[in-house]
Amino acid sequence: MTTETTATDRFTLAGREYSSRLLVGTGKYKDMAETARAIEASGAEIVTVAVRRTNLGQTPGEPNILDILPPERYTILPNTAGCYDVETAVRTCRLARELLDGHTLVKLEVLGDEKTLFPDVIATLKAAEELVKDGFQVMVYTNDDPIVARQLEEIGCIAVMPLAAPIGSGLGIRNPLNIRTIVENARVPILVDAGVGTASDAAVAMELGCDGVLMNTAIAAARDPILMASAMRKGIEAGREAYLAGRMAPKRFASASSPIEGLFFQH
Amino acid sequence: MQIILNGAATEVADALTMAELIEQLELGSRRLAVEVNAELVPRSRFSEHRLAPQDRVEVIHAVGGG
Numbered sequence: 096m097t098t099e100t101t102a103t104d105r106f107t108l109a110g111r112e113y114s115s116r117l118l119v120g121t122g123k124y125k126d127m128a129e130t131a132r133a134i135e136a137s138g139a140e141i142v143t144v145a146v147r148r149t150n151l152g153q154t155p156g157e158p159n160i161l162d163i164l165p166p167e168r169y170t171i172l173p174n175t176a177g178c179y180d181v182e183t184a185v186r187t188c189r190l191a192r193e194l195l196d197g198h199t200l201v202k203l204e205v206l207g208d209e210k211t212l213f214p215d216v217i218a219t220l221k222a223a224e225e226l227v228k229d230g231f232q233v234m235v236y237t238n239d240d241p242i243v244a245r246q247l248e249e250i251g252c253i254a255v256m257p258l259a260a261p262i263g264s265g266l267g268i269r270n271p272l273n274i275r276t277i278v279e280n281a282r283v284p285i286l287v288d289a290g291v292g293t294a295s296d297a298a299v300a301m302e303l304g305c306d307g308v309l310m311n312t313a314i315a316a317a318r319d320p321i322l323m324a325s326a327m328r329k330g331i332e333a334g335r336e337a338y339l340a341g342r343m344a345p346k347r348f349a350s351a352s353s354p355i356e357g358l359f360f361q362h
Numbered sequence: 084m085q086i087i088l089n090g091a092a093t094e095v096a097d098a099l100t101m102a103e104l105i106e107q108l109e110l111g112s113r114r115l116a117v118e119v120n121a122e123l124v125p126r127s128r129f130s131e132h133r134l135a136p137q138d139r140v141e142v143i144h145a146v147g148g149g
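Chains as they are written, first to last, in my numbering: chain Y, 96 to 362; chain F, 84 to 149.
One should not assume that every hint holds.
What the hints assert, rightly or not - Cβ-Cβ distance ranges computed for the label pairs, FRET-style:
#  : chain 1 : residue 1 : chain 2 : residue 2 : range
1  : F       : 119       : Y       : 295       : 44 to 54 Å
2  : Y       : 319       : F       : 139       : 37 to 47 Å
3  : F       : 89        : Y       : 132       : 29 to 39 Å
4  : Y       : 196       : F       : 107       : 15 to 25 Å
5  : F       : 98        : Y       : 282       : 19 to 29 Å
6  : F       : 98        : Y       : 269       : 55 to 65 Å
7  : F       : 93        : Y       : 293       : 40 to 50 Å
8  : Y       : 342       : F       : 89        : 36 to 46 Å
9  : F       : 97        : Y       : 261       : 45 to 55 Å
10 : Y       : 272       : F       : 94        : 58 to 68 Å
11 : F       : 121       : Y       : 282       : 51 to 61 Å
12 : F       : 137       : Y       : 207       : 25 to 35 Å
13 : F       : 139       : Y       : 333       : 23 to 33 Å
14 : Y       : 104       : F       : 98        : 52 to 62 Å
Stated by the list, open to error - Some chain Y residues near chain F, calculated using beta-carbon distances under 7 Å:
#  : residue
15 : 122
16 : 145
17 : 146
18 : 151
19 : 176
20 : 189
21 : 190
22 : 194
It is worth saying that the hints were derived from the structure and are not from the lab. Think of the CB as a built atom: it goes at the ideal place given N, C-alpha and C, for glycine as much as any other residue.
Model the full structure from these sequences, guided by the hints.
Okay, structure coming up:
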């Protein structure tokens, strides 16, 4: 792998090429200005949004999240966060498609309980099937289970996104071996979605061979979200380059870096 | 007649169209999507879609989220 190929390394999703492998959420920021600055610093080109009731009769001039995400610059990825069953997840995706003028890319998550926010895998499989049949391009949040990941791919999801740890926990990659197995089995992009806490976690995900990482809280809940967004961008890039470079084989004992030959004294 | 608008009981004129409701709410210029009784009503049908008593109307938009 030459530096030339790493420079032209692109992430392809739904037929579109991206230079950034960091996908970011837009929740939990102090205000719209901080959200915009964090996204900018992250270099992300794919950005998630949620779908909720409009505030009626209040602040009609209030800025909307879509106002800071020009469609020519960002790919909007509406999510089904907060959905605990197939029906609400599918309804949410249909509303998002209408809201975004026929845009079919969605992030599906069907949650199992509020304490863990782990996915309800059975409901996720059913919702994915319905959405794929309805013409959606589904990126799916799931457990770090290689069998389920393969089934979601077989259903026709365009990307499978295993969690690294619970949503918003910042615990890092709890089961790197499963993530690696999911990556090795896959013919669609695999992205770690949820659980990353800091830049080294993002780098580890990329070193495991993931195609990208989706995160929100790790940036938004940092003391300085803008600086953390920049750190995450670099962590993703470093991890990707290390993966492409191919790490050295670990050895149990030392291997001197300086030559033995030409020593001018007796050892 | 009464409809349930974003979860709240709301009085509106009989046989109001969706286009009229959106205009009354001053949401005409906003990016939104609408469901009635859990079924999507596309924007292209707002002017012909008439509301009925006790319809559950959801007006949704995009917000920050991860």
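For the hint 51 to 61 Å, verify it against the beta carbon of residue 121 of chain F and that of residue 282 of chain Y. violated (35 Å)
Closer than 7 Å between Cβ atoms is the bar; does residue 151 of chain Y clear it against chain F? Give me holds or violated. holds (6 Å)
Under the criterion of a CB-CB separation shorter than 7 Å, is residue 189 of chain Y in contact with chain F as hinted? holds (5 Å)
If you check the beta carbons of residue 319 of chain Y and residue 139 of chain F, does the distance land in 37 to 47 Å? Check passed, 44 Å falls within 37 to 47 Å.
Determine whether the Cβ-Cβ distance between residue 97 of chain F and residue 261 of chain Y falls within the hinted range of 45 to 55 Å. For residue 261 of chain Y against residue 97 of chain F, whose Cβ atoms are near 49 Å apart, the range 45 to 55 Å holds.
Can you tell me whether the CB distance of residue 98 of chain F to residue 282 of chain Y sits inside 19 to 29 Å? Given a distance of about 53 Å, which is not inside 19 to 29 Å, the answer is violated.
C-beta pair residue 119 of chain F, residue 295 of chain Y: status relative to the range 44 to 54 Å that was hinted: Roughly 49 Å apart at Cβ, these two residues keep to the hinted range, so it holds.
Cut-off 7 Å, beta-carbon criterion: hint that residue 194 of chain Y touches chain F: Where the cut-off is 7 Å and the nearest Cβ of chain F is about 4 Å from residue 194 of chain Y, the hint holds.
When the least beta-carbon distance from residue 146 of chain Y to chain F is tested against 7 Å, hint result: holds (5 Å)
Range agreement (Cβ of residue 269 of chain Y with Cβ of residue 98 of chain F, hint 55 to 65 Å): For residue 269 of chain Y against residue 98 of chain F, whose Cβ atoms are near 57 Å apart, the range 55 to 65 Å holds.
Could you check if residue 145 of chain Y really has its C-beta closer than 7 Å to a C-beta on chain F? holds (3 Å)
Residue 342 of chain Y paired with residue 89 of chain F, Cβ distance criterion 36 to 46 Å: Hint violated: Cβ distance 53 Å, outside 36 to 46 Å.
Of the hints listed earlier, those the structure fails to meet are numbers 5, 8, 11, 13, in rising order.
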